[in-house]
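**Q** Going down the list, the protein sequences come from chains Y and L.
The first sequence begins at 4 in the working numbering and counts up by one.
The second sequence begins at 12 in the working numbering and counts up by one.
None of these hints come from the bench; they were simulated from the model.
No residue lacks a Cβ here, since even glycine has one placed at the ideal position from N, Cα and C.
Be aware that one or more of the hints could be misleading.
Said to hold, decoys possible - List of simulated lysine-lysine pairs, BS3-like, C-alpha gap at most 30 Å: (1) K116(L) - K154(L); (2) K22(Y) - K34(L); (3) K262(L) - K22(Y); (4) K31(L) - K261(L); (5) K214(L) - K26(Y); (6) K299(L) - K262(L); (7) K30(L) - K313(L); (8) K22(Y) - K87(L); (9) K257(L) - K177(L); (10) K177(L) - K22(Y); (11) K21(L) - K363(L); (12) K22(Y) - K21(L); (13) K21(L) - K26(Y); (14) K310(L) - K26(Y); (15) K22(Y) - K81(L); (16) K94(L) - K39(L); (17) K81(L) - K33(L).
To be verified - Counterexamples of contact, computed for chain L against chain Y with all Cβ distances above 12 Å: (18) P13; (19) L42; (20) H45; (21) K58; (22) L69; (23) G70; (24) L88; (25) F92; (26) R102; (27) V104; (28) N230; (29) T311; (30) P370.
What the hints assert, rightly or not - The following label-pair restraints were derived from C-beta to C-beta distances: (31) K22(Y) - N250(L): 40 to 48 Å; (32) D208(L) - V84(Y): 51 to 59 Å; (33) E61(Y) - T192(L): 47 to 55 Å; (34) R314(L) - I71(Y): 37 to 45 Å; (35) R93(L) - K22(Y): 55 to 63 Å; (36) T82(L) - T33(Y): 31 to 39 Å.
Now for the letters of each chain:
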Amino acid sequence: MSNSEHIVNVASPLRSYTKGAGKVRATGNTLTEVLANLEQQFPGMRFRMIDEQNRIREHIRLAVNTEITSDLSSSLKQGDVVHLLCALSGG
Amino acid sequence: MPTLWISTRKGVFSLIGDKKRKKWILQKPQLFGHIIHHVMQDPRDPKKLLLAAKTGHLGPTVYRSNNGGKTWKEAKLPPAFRKANEGEEARAVQRVIWLTPGHAKEKGTWYAGTSPAGLFHTHDHGETWTPVTGFNDHPMRSKWVQFGTPDGEFLHSILIDPRDAKHLYIGISIGGVFESTDSGANWAPLNSGVAMDYAPDSKAEFGHDPHCVVMHPQNPDRLYQQNHCGIYRIDRPSNEWQRIGKNMPKKIGDVGFPIVTKATDPDTAWVIPMDGTSVWPRTSIDGKPAVFRTRNAGKTWKRLDKGLPESQAWLTVLRQAMCADAQSPTGLYFGTTSGEVWASSNEGESWKCIAGHLPEIYAVTFAE
């Protein structure tokens with residue numbers, strides 16, 4: 004099965020990896036695959052969101068279209084929009 | 012030029028000094044917005060520096076500079092615990108707290124200490140990091156580190172014996188001081204003589220809270236520590252720490268975070284006492300900041316407060332936020348959680364504020 008392609012919205016704390024881009028493209032049929040593809044394109048980015056035990060970090064959320072999900076094996080279909088979110092926070 | 016690297020909650024700042032260390036110019040922040048825990052210069056290759064960072068949201072990492080701190084590049088493989096086996100505690104590095112350059116003969120080697128307490132090393136100047144399994148997977152580790160500080164337990168004060176690259180010490184808050192003589196393959200507690208007022212068994216081998224441990228570069232058998240429960244000195248091969256903080260004035264006590272030594276005199280050290288009473292002040296005692304110096308390995312201490320605020324100054328200086336240079340006379344520097352940097356170019360006899368209005372300061376390190 005070929006990889007589906009997605010728009011990924013990138014929260015501002017992660018944009019040092021994307022040369023400032025708030026919107027990038029990535030491929031993959033699951034969130035795990037999309038994150039791996041992002042890591043290939045933007046080395047170092049994945050570890051800032053996902054820890055060494057493959058858990059989403061405390062102040063990071065991932066969403067597909069309008070649904071936040073903690074399941075990295077979630078299936079994605081062509082055109083799904085992935086959001087990399089950081090908690091809104093104070094000083 | 013002399014440079015002070017100021018690690019803050021909102022980025023790294025540097026102060027560039029003149030040769031006499033009298034005038035300091037504050038540079039614009041780098042990695043602005045990042046939480047910076049430590050910046051260290053490589054004495055084996057002074058153009059190289061490492062920096063420990065994270066942000067409020069993102070995981071911890073290490074940045075490297077090959078040009079004296081002009082630009083920074085992230086490590087390819089930052090410190091990370093190995094993947095946990097089924098049924099094991101699944102540890103993840105939350106913060107890289109401490110960076111120590113390896114032995115002079117081991118160019119490219121560095122050590123990092125983390126929270127949760129973990130020890131990591133690199134052999135390529137910080138590009139890729141791997142766990143020191145002798146500590147991280149030590150069968151006693153979970154017993155040694157079972158009591159964390161409010162910020163979690165963490166590993167700091169990684170010391171390398173300049174005579175023997177295999178001989179290491181580490182400090183763990185809370186856990187104690189530990190020693191390895193085989194490059195970190197095995198570890199043993201080294202806490203005898205250190206008080207542990209808060210513990211049910213005050214004579215236990217571990218569970219102590221060293222805030223900062225230093226080894227004298229010219230006499231590596233001489234170690235000092237500023238502990239939660241006092242100031243200590245040990246002269247190896249003795250295994251018994253001596254509480255030299257008992258010689259501090261009674262009204263001051265011997266609670267604090269950092270301790271630094273004079274590069275050319277193992278008997279000279281400086282501390283900044285903090286209020287250790289009641290709930291959790293940890294500020295200058297009675298609102299009157301002072302540095303205390305010993306010139307005889309802790310037998311006597313002298314108060315040094317000329318130039319520091321005389322009253323109503325409730326400063327907190329964290330464990331990594333004081334340093335000494337190797338000049339003569341020794342220059343001393345400390346940063347406060349309220350964002351001030353203070354300097355003395357005469358071994359603490361007088362002090363001057365060289366920067367203010369900075370974010371919360373976690374560490375101050377000197378680079379040539």
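**Q** Please flag the earlier hints that this structure goes against, numbers listed from lowest up.
**A** 1, 2, 3, 4, 5, 9, 10, 14, 16, 19, 20, 22, 23, 24, 25, 26, 27, 30, 31, 33, 34, 35
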